[in-house]
Structure formats: structure tokens, C-alpha cells
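Enquirer: Place chains B, C and D on chain A using the hints.
Single-letter residue listing:
Number of protein chains: 4
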Amino acid sequence: MSSQIGNILKVSLFGESHGPAIGAVIDGFPPGTEIDMQKLLAFMKRRAPGRDKTSTPRKESDLPEILSGMSGGVTCGTPIAAVIKNADQRSGDYAKMSAAARPGHADYTGFVRYRGKNDVRGGGHFSARLTAPLTFAGGLCLQYLQSRGIFIGAHLKSVHGEEDSSFPETDLTPQQILAPGEKDFPVIDDSAEERMRAVIEKARRDGDSVGGIVEVAVTGMPAGIGSPIFDTVEGRLSLAYFGIPAVKGVEFGAGFSASQLRGSENNDAYCIGADGSIRTKTNHHGGILGGISSGMPIIARLAFKPTPSIGKEQDTIDFIRREETKISVAGRHDPCVAVRAVPVAEAVTAVVLMDMLMEQEGMLPD
Amino acid sequence: MSSQIGNILKVSLFGESHGPAIGAVIDGFPPGTEIDMQKLLAFMKRRAPGRDKTSTPRKESDLPEILSGMSGGVTCGTPIAAVIKNADQRSGDYAKMSAAARPGHADYTGFVRYRGKNDVRGGGHFSARLTAPLTFAGGLCLQYLQSRGIFIGAHLKSVHGEEDSSFPETDLTPQQILAPGEKDFPVIDDSAEERMRAVIEKARRDGDSVGGIVEVAVTGMPAGIGSPIFDTVEGRLSLAYFGIPAVKGVEFGAGFSASQLRGSENNDAYCIGADGSIRTKTNHHGGILGGISSGMPIIARLAFKPTPSIGKEQDTIDFIRREETKISVAGRHDPCVAVRAVPVAEAVTAVVLMDMLMEQEGMLPD
Amino acid sequence: MSSQIGNILKVSLFGESHGPAIGAVIDGFPPGTEIDMQKLLAFMKRRAPGRDKTSTPRKESDLPEILSGMSGGVTCGTPIAAVIKNADQRSGDYAKMSAAARPGHADYTGFVRYRGKNDVRGGGHFSARLTAPLTFAGGLCLQYLQSRGIFIGAHLKSVHGEEDSSFPETDLTPQQILAPGEKDFPVIDDSAEERMRAVIEKARRDGDSVGGIVEVAVTGMPAGIGSPIFDTVEGRLSLAYFGIPAVKGVEFGAGFSASQLRGSENNDAYCIGADGSIRTKTNHHGGILGGISSGMPIIARLAFKPTPSIGKEQDTIDFIRREETKISVAGRHDPCVAVRAVPVAEAVTAVVLMDMLMEQEGMLPD
Amino acid sequence: MSSQIGNILKVSLFGESHGPAIGAVIDGFPPGTEIDMQKLLAFMKRRAPGRDKTSTPRKESDLPEILSGMSGGVTCGTPIAAVIKNADQRSGDYAKMSAAARPGHADYTGFVRYRGKNDVRGGGHFSARLTAPLTFAGGLCLQYLQSRGIFIGAHLKSVHGEEDSSFPETDLTPQQILAPGEKDFPVIDDSAEERMRAVIEKARRDGDSVGGIVEVAVTGMPAGIGSPIFDTVEGRLSLAYFGIPAVKGVEFGAGFSASQLRGSENNDAYCIGADGSIRTKTNHHGGILGGISSGMPIIARLAFKPTPSIGKEQDTIDFIRREETKISVAGRHDPCVAVRAVPVAEAVTAVVLMDMLMEQEGMLPD
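Protein chains in written order, with the numbering used here: chain A, 8 to 373; chain B, 8 to 373; chain C, 8 to 373; chain D, 8 to 373.
Honestly, I wouldn't trust all of these hints.
Any copy, or any two copies together, can satisfy a pair, since identical chains are not distinguished.
[What the hints assert, rightly or not] Quick list of in silico lysine to aspartate or glutamate cross-link-like pairs, EDC-like style, CA-CA up to 20 Å: (1) 288 / 325; (2) 190 / 368; (3) 92 / 72; (4) 333 / 189.
Since the hints were derived computationally from the structure, they do not count as laboratory data.
Chain A extracted, bound-state conformation (with noise of 0.2 Å):
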């Protein structure tokens, strides 16, 4: 029953898209680690509304407070929580709440766990907006990653069907990995970007949304992170992806195209890279062999429903009066909830596996 994550590295996210503030507090992270401050909110921007060009006060309201565990720029290895103000503050009462559940969104599932007593205004405690401060978290966690030579990137692999090339999954350089992340529209083949504006900007037209597919590469970690059973990197990744909003699937590697495939092509033979270091020739493996890394990329690929929110009207019931009802959802809303996700999913890959390698090596060296 928990917004915390992590055995040694802990976060944990706090609240609600409508009230006075949303933040984190991130336990146990090293001390000495210098945060490059203008790089930690240019990768927060990454996932903020309004991203192409158009600057909104929202925006602003997405600057994190940093209340503690930091000092002069440099963590202090005691907690370190942030805030980020909400733009619109709650009233004093409570706003009523519809009882008409949105199809796809957690109206009704929310009500029934909190007991119809969560605040459900623009999702409340669900809302994607609770992503800003997980990137906070996350983007320590890369700075402190990156520092150690291991990088993390992500792309929008498909759009509704739209396909981008892939990382290449055995010589996957640290630039290769953060090219995406330094567009604005986060693809390797920019011919894909026109194609998935293209089916995004029609489904917005037709009050409609599409789903997608983000793709997450690591490199320069380590082999020999994570266990087998219940510790596996492919678990803990996934006990985190799927909380970010929309991700219903999950798969490393060849992922459910090996589930088609024969051993002998599915297996990864291994090799002597050119610097002496053992490596495979194909990474179907995804860098991960049981639940341990490889030392291969990491590579794992998400999959985003469309978003839920779309104006076209819908059968639905009242939950409160358990009757029989039509809803239509009104305001704008991004009509592929997988594009801002690809700086999430970085961010979710950076804490899980900082916490891995913090298990395995302990309080890190700064």
C-alpha cells in the first residue's frame, strides 16, 4: 500500500494533481554527489507539459523546491525531499467529486480502495502529474549514474503502429543513447517523428488517442547486478515501470518475439570484444541472464495504452449510484500519453538501478 520504492536508495512520491503540492523525498541517497542543477531541470522539462516551443505558467509551477539533503549543490546523504507547487491550490472544502467513471482511468477502481475519500480532481494521487517529482528522483539518479559511466537513454519506438528504429542492442555508444532525449521529439529516426505526429495530431483531431511503445537502453553497467528468483534486474525494473500511468506491458530483450523463436537463434553466443571484455555477438538477452546483468545493454521496451481522456462519448456508470450512465471527456489532454513518458521511463530505469548497485556495493563512492 505504498508510493515508496527501494531497499537501500528510497523514494517516495507524494500528492495530488489538485492539491497544494506534489514532491518526493529520496532516502538514503550517497552523500557528495554533485548535482548539476541546470541539468536536472532541463531533463525535468523533458516530461513537462507544453514541451514543443510553447511556454505556459504551468511550466513554472514545476520547479522543484528542494527542502532538504542538499547543501551548496552537493547531496549530504541525509534525505532529500522536494517540492513542487501545485498552480491551482485546493479549496478549503471538499470539491465534490463526479461519480461518473471515466472508462480507462482509476475513477472507480480509486474509489472503491479509498473508500470514495481520495481527492479525485484531475486524478488526484493518480495523476501522471506525480511523474514530475519521480523525474526529480530519477534525474539525481542519472547524474550520480552517468558519473560512474553509465548511461541511460529511451525513445518513442512505436505510435499507434508508427515505428522508429531501434538502439542498436550490442555497440550502443553513451551518445546513441542520449540523442533522443536532446530532441524535442525523443526518436532516432527523425523520418519517424513526422509519422508519429502525424497519427497523434489525427487521433487529437478525431478527439481520440493512440498508444505507443518507449524503449529504454543502459550501457556501462556493470555485470553481475541482481539475483535470480525474486531480485532479478528484469523484476525490479518492472515493479516500477508498471507505475508509471498506462504501461500495460513490459519485455527485456527479444522480450515476446523469443516466445517465437528457436534456441538456436534466440541464444546470444558469446564472444572476446576487441578491448578483452566478454560479450555476446547478439543481445536477445537484453543484458539481463538470470535476473543478473551481463554487461550487454540493457534493453527493455513499455508499452502505453492510448490515453484514457478522449471527448468521444462513452458508456459508462455511476459508481455512487451504481447506475447506468454516458460520459464524455471534456479538456485538452495529449492524445499519446507515451511521448512524455520516454523521460519517465529513464528516470524510473535510473532509481531502480542505482538501488540495485547500491545493494550490491553499498553506501556508492561519490
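Expert: Only chains B, C and D this time, still in chain A's reference frame:
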């Protein structure tokens, strides 16, 4: 760094394939649950080798010896420990390990993780044999959950592309859920058995192997179990699913296919069921919204890679001398691990969902 | 490596004495609990400095700002975050730290633990000021528990050897439990106040300090909470009690004195109470047997060392230059931390017992 | 609700006094540690019954059978499971339980906690017999810690008021720490043995029992282990200490006596040791400041209540028929549990401190 899982109901696995014994400790199981031992053994038998009519002495060794936590066939509420003896005992001195990494196996990653100190014979702690005590633990949970009207079943959704039909996604009876497990070959559509056995047999004759997909369904799970962000039903299940050897992908409901849909196609409209219950007309959400159970059937799919052990010669390396070499894995192996993994997927589902139920309901009523 | 505690009800503290703010996140608090904010603030005020009639601006700064998890004075079930601003804000650049270890403080151990990167002004994260958000969290739990008929109170059992009388060990009314907390000086026997104030005042005049003992009592706790071995009520409470600055000993019931008794003296004979309940005639077991609550009052005692901050010159070392030096700690300090620790002990008791109740009962009823 | 402890190094205990077997699973123990089995058995023998020269068949049954995680006397890094068979096997049907609560025992609280379903013969899971697998786990940790130069020892500080001398609080050699454990009766001052044996023997003849205090000391623990607030060395140790049957109080350094001191008396002045190390001239802080190890010897004291099993007739109740009755506990019992608890206290200390070391240092070097 752990072969343990669970928050209230804690399952701890131990053992190596060729050590004296393997086993499980289940801590936190509610007191007063009557266990049908014949039913439990029948369930464990589904994953045991040589299931198709042929009885082997190895099977005998899979009989669990219960050391604690049960009295007169009833759970005590104290830790339940069960041990399964291994047929071939470990010799006193440490068996020399081969340093030629079997592609697709954890030989190399385990060597790095455990610094070459782990017992590697037969895969050691990485062996699929560890799923025997896991099915013991899961079997206990399945019986408790059934007494609550919660049914969990699985079937072989596909093998090397040969498809079985799917569980009905909205109206699913306990009978339909349990049916595949009652067959020698766990499928819904009998015609799938022939096609699947054929591709498996062909792979076996070629000294090769094939992958597959296991589909799990759960009915009777009350709405409101789970939490958003880091305690989602999807995430908790995935953490454990990836502990099943050879799993490389997990999806729920429409899963990856949702990434190709529009919101108007993927959203599940709500309605009032004949019994007055709140339901959805379709079930693309796989019974989970916002990480919380909706009361609709929970549907999960697990992608299994082909068995890495194949007769064909493969390129590999000697990870001690760090030089390239060749290997071909001798001996009989399951040419498709997914088949025997079906009950394991049921067991893991039961362990996780029961733990999540207990988090919400506390020490469950007997 | 954690300022977090709890299994179902998770409390996370953050902040430094001289940072921008301190605070707490309470994750897992049951939805639907009405919080009496005046009562909560009155409780927090009991630990605030300058309690005896004198009002100080510092007190103002101890007003918690609730950022999430509550709506209209009712808990939502989502994480509750509260922030308490610090009066003196941190200056942009890092204040130069003194390397002369104050004897009895965590200056040196904190320096090693955090590699000299932690903010040390005013004790930083080690400051007793962190007990402010802890009393906020505990205050929420106390209100929930009272609504269940569970009452928690504490008093100053002794100060530098000056004794207060004890709580009645078997027949204890809520009024008796709450009485000391309603006084300016938390004792049962008013004559103890004079004697204790005298030794405290004398120590203050001498630029010295004194230690004390706080006794906590709990009534209404149902029997059957807790578990043997690693989940005992004593152990769980102690884990948290030792987090209160200056606590060096914890005992339950007869505690250390039991080591001087015979079994025939220490055993508590059982009887049937007037109301037909199962009770013990004496309560040397302090309401806990085998780590599990017996239904009798839970009695705990916490030993506080004298405030380490004293005016007298002391021998110490400079832990950076690693050479011997002298120090005398200037400024006003509580000459007896035990006094203000009384409500903190109540808060900690509430946090732990509510978590243990939730483990057994699940998400508690509102 | 757990017989498990540990964050990185996880120890799980199972078994009932009269069940088939008791045992432990140690998950996360670092690979490559050579275990001296004779030394381990000798350590376990210290807590076994009938230690003074007389060999009994019961003792044989305390031989641990290692089922996993070790190979050729070296730890593998995978879970180490050990089983200790019980002499008298459980009969198939459930032995009728007595409903007359033995005062001072967990009969009644266990009945409520486990709803009358737990195996109660010989105390069941509450039995001090569970400390046998605990000493196995602790024995492994002690050997690892000694290889790191960390020594843990304990002695019987007092029995029914009869005092032994104390460990030197600042200059403490491994020899001094280990000396009491090498004697038949674990004291520092041999004259204490006579006096203690006398009060114990007198109590035995009276069909009564006595309590005592065990003092634990640790040297070689590096400074900087532990954290403030909820992860203190004191708290973590106490959580586990209270799992040792009959412990009712725990203190560190000056402990409760510090409550009667002034700061000028209790503060430990720092100095530079002959070897240039930072030390304190006294050790009232018991090697822990701010919850973090200071590098000085860690000193803890555990108060044990007298054995509740006494021959004298006592008033009690039948908790099923809920009526008053009488009981006198027959059979031979240790008239002072503290004696055999000395190695158990060492074992628990080792398990906790090794886990805390691993949290800070990661998977420890072999």
C-alpha cells in the same frame, strides 16, 4: 539480493539443483486453513518432469516433507517449511565447474555475481528445479484463495507461434479457468495440443528448442486491491513473474497490442451486470486500472524464451581463461520450458495476490 | 540507511535543523479518518520549545503545512505530506563546519557516516528538531487509535533520580493515561514537578544538564498483536524508541528489575476480570508475552541521557586535523531533553502500534 | 508477522519445539567465506542443553544439516538452509492442547494470535529451542566478522543480583571478549560463577527460577555504521534482542544509569589514541552516538526475566472455557535462561551488525 518475496506473506526459497535438498519457508500464512494434501501434490505434479504418464524415481524425490507450520493438515499461522530432497546428493568435495558459458544460461552472470563460488552443477540455485518449492508455496495459496472464491488458472497461449484460443475476457467461470490444468497438456482448444506438440517434437528432433507464451487468468478477485505507483497489481505480479526461469516479457489485458490501438478502441465501457455488479463490457484493462483490481478477470501473459540448452554447437567463451571456445549442451532437456511453467505461473500469481489481499485485509479469516 | 519506518503504515522523515524545512510523509494511513487539527496542534505544541507560557516566533514556525493526503480534514488514504518551515533559512553557500566534536553528540560519527558532506548546523538531520514532524505523524495515529479505544500516554518517571509515581500497572483509565500530558509539566504526582524542576534548574545554573526516564502506557490494545522472534511488540517499539535523540535504554514491564526477581515473584497470575475478560493480577510482563500483546496495559520505560550540550569546557578532538582540543558548547539548551521527549515517546508508540495493528487487521476501518 | 529479519542479509527461522525439525535460511550471505564447521558446532554447543560435560542424545539432534548455499565448506552466496531434526517426532494427529495458560508464557497470547491453531507442545514456535538455528546463523556471521577483525563476546553480568565484573569499557582485547565463552560458565570473574551457581541451584531446589543480565561487547566495528532516527545501531540490535525469549530490557553503554547522571559526568571526552585513532576516554555512549558506531567498543546489556516455568502452583485461567484454575509446571527446566542465552546474544549481535555492515559496504569482500 534475495530469494524471498512478500510483505505480509513471505516466501523464501533455497537450494541448488544438485545439493542435498531444495525447499521453501512460507512465513505469515494465516492460521486455520485446511490443506488438501492430495490436491496440493496433484498440483505440484503438474510441473514435475515426466508428467505424461511415465513415472520416474526423480518424481518421487519431488515429494515435499513439511517440517513446520502445519498440524493435522491445518496451517498453524507459524512459518511453514517444506523440504524436497534431491535424488543425487552432493559429493563431499566441490565438483569442478566448467568455465565454458552455456549461451542463454546464467553460467557467466552467476559466476560474476557469486565470484565463482556458487554451485553450478545443473544450474545450481538458478535451476528451474527451484520452481518445485515455489509450486508448493503457491499450491497452499491457491487452496486458500479458492476457499475465498478466487480462482487462478493458466494455459499455454502459444508455442513457437502455434496459438491456443484465449480465456473469455469478461465472462469466465472457475471451470473454464481450471480446465486446462486438468489436461495432460494445458491448453483450452485441444487442436492446439497437436500443433504445439508437433513444433516441440520437431525442435527436439533437431536438437533445438522453442519458446512460448503462458496466459494466466484470475476471477473472484475483489475490486480495490493494489495501489497506484509502486504497489500496482501489475508491478507486484511482474516482480515475481520474472523470477520464473526464461520469462522475458509480461503484459496485462491488451498489453503490447494496446500500443497500436486508439483510446476509443482500448477503453473498456462500464455497465451494470445482471447481478447488479459494476462491470466492463470488454476487458482490455486486464482487470487492473491505476494498479488496482477492478473486479473483472485479471489477465496476464508471460513470454518464455526457448530453452537455452540445445544440442547444436554454439560459440562461447571460457570465462576463467577468458578465451573463445565452442560448446554443445548434452543431455535431455525440455525443448519448451513454457509447458511445465504453466502451473508455476499459477503458483506465482497466487503467492503475490494472497500477499496483496493480506496487506489490505490483514491476517485473513480462517 | 533510512529515516523511514513501518511496514504498512510508513513514516518517512526529512530535513535539517537549519535547512529550509523539515517534514514527514505518512504512507498507508487509512482513508476516512477525521482529524481534529486543533487537537493535533495542541499535541505538537507539547514538544515545542518555550512551552511554559512563553510564546516565541520559533513556535510559529512549527506549524505543519499539509501538502497532500487530506481533504476537508479527512484522510484520503493517499500519502500525507506535511512540511514545517525553519525560521532561519539556509544561506546559498555552504556554512563552514566546525571540526571540533561536541562530546556526546553525533558530530564525529555523522562526519564519518556522511563523509563530511552532511549539513551539521544545529545538528542537521540529527537534530531533536526532527521530532516535530514525528509528533505530527504520531498525532495522526493517536487520533485514529483513540477512535478505536486505544489510549497512549506518557509521563516523566524520573529526572536525575527524582522519581514520579508510576502508572497503575493493571487498572489504568484513559483519564489517568492522558492526565500528565494535560499538565505543563508531564508528571503524575505534582510534588514530583517541584523536585524535578529543582534539579533541572540547578543543572542549568551550573551550565550542566541531567538525564531522565519517560514511562509510556497503552490501554485498549487488543490481545494478539505482534509475533514471536523478530516481530515482537517490544522489538518493534524499541527500533523506533532508539530513534528519539538521547535514548540509551528501553524496558518493558518489570524490565531490568525482573533480572533480580524469582519466577514465583515475576510471573503474573491470570484471573477473570469483573467484565469476564482474561486479565493478569499483576503486570510485570508489561502487557506483552512472547512478543504479543496480552490485552493488559503495555508499559514501556525509556532512559534518556543528559543533554550533551553543556557550557563546561570539555576535552575533545578536531576530527579533520585529528588533533586534541577543547570545547564548551555555548547557547541555550534544554538542560533535560526528557521533558519535551514525553509527547515524542507517545507519538512513536502510536506510529508503531498502529502499523502493527494494520499488519494484523489490514487497511483499518474508518 | 514474521520470523524473518534483515535487509541485505536475511535470516528466516522456522519450526516448532515438537515438530519434525527446526531450521534457518540465511539469504544474502556473501560468497567465498570459508566456514570452520568445528568452530561453528562448538559455538552452537554453548547454547545446547546439558553443556556441562554430560553428553545427551538430545545434543545429537542439535546437529545442523546444511541443505544449500555451501560447497566444500565455503559459502556460495546463495541462500544457506540448515535443518535441525527434533528428537520426538510429531504424531500424525494433532496433540490435544492444554488450555490452562502457564503464567509468564505465551500460551494465551499465542492462542489469541494464532486463533488456537498453533502447535503448542513445548512452546511450539515460541520455544527457546528456536535459538538453535539462530545460533547457527549467528555462528556463520561471527566467523565472517572475525575475519574482518570484528569480535563479539558476551558474559553473564548478573544473576538474581549476583554480579560479575564488566568488560573494560574502552580498552578491550579480542581475548577478553572471547574469554567468558571459552569457560563452562560464561563469566569474567570466576568467583561470580560460584555465587551465581549458588542462587541458581537454590532456586532449582525451591522449584523456582531466577533472572539475569547478559552483557555483550563488540570490538573492531568501524566507525560510521548505522544511521539516525529509524536505522540506529541501538534500534536494529534491540529489534532482534527482544526476539530472544525472556528479554524484557535492553540498554547501551551507561543505559538506564545515564538517566541519573549529569551531562558533565556522562559525556565521553574525545582524545587521540596511541595509534593516532580517534577515541573517547570513557565509553558511556556504548560505542554509539546518533545511532552510528563511533569505533569504540559497542556495549549492550540484555535483561532476562526468570524462567516462567516453575514447579510452584500458580493461579491461572483456562482460556477456552474462560474460567479460573490452578497450574504448576512439571518437568526439568533451566532455572535461569540467561545462562544459555549468552551465546544467543552473541549470535543475534553478529546477525544484525553484519547486515548493517552489508548495507553500508554492499556484498562484502571475501
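Enquirer: Evaluate each hint against the coordinates.
Expert: Results of checking the hints against the structure:
When the C-alpha separation of residue 288 and residue 325 is checked against a cutoff of 20 Å, the pair qualifies only between copies, where the shortest distance is 15 Å, while the shortest distance within a copy is 56 Å. Taking the shortest alpha-carbon separations for residue 190 and residue 368, neither the intra-copy value of 34 Å nor the inter-copy value of 39 Å comes in at or below 20 Å. Taking the closest pair of Cα atoms, residue 92 and residue 72 come within 20 Å of each other both inside a single copy (8 Å) and across two copies (12 Å). Taking the shortest alpha-carbon separations for residue 333 and residue 189, neither the intra-copy value of 42 Å nor the inter-copy value of 42 Å comes in at or below 20 Å.
In this structure, the hints that do not hold are numbers 2, 4, in rising order.
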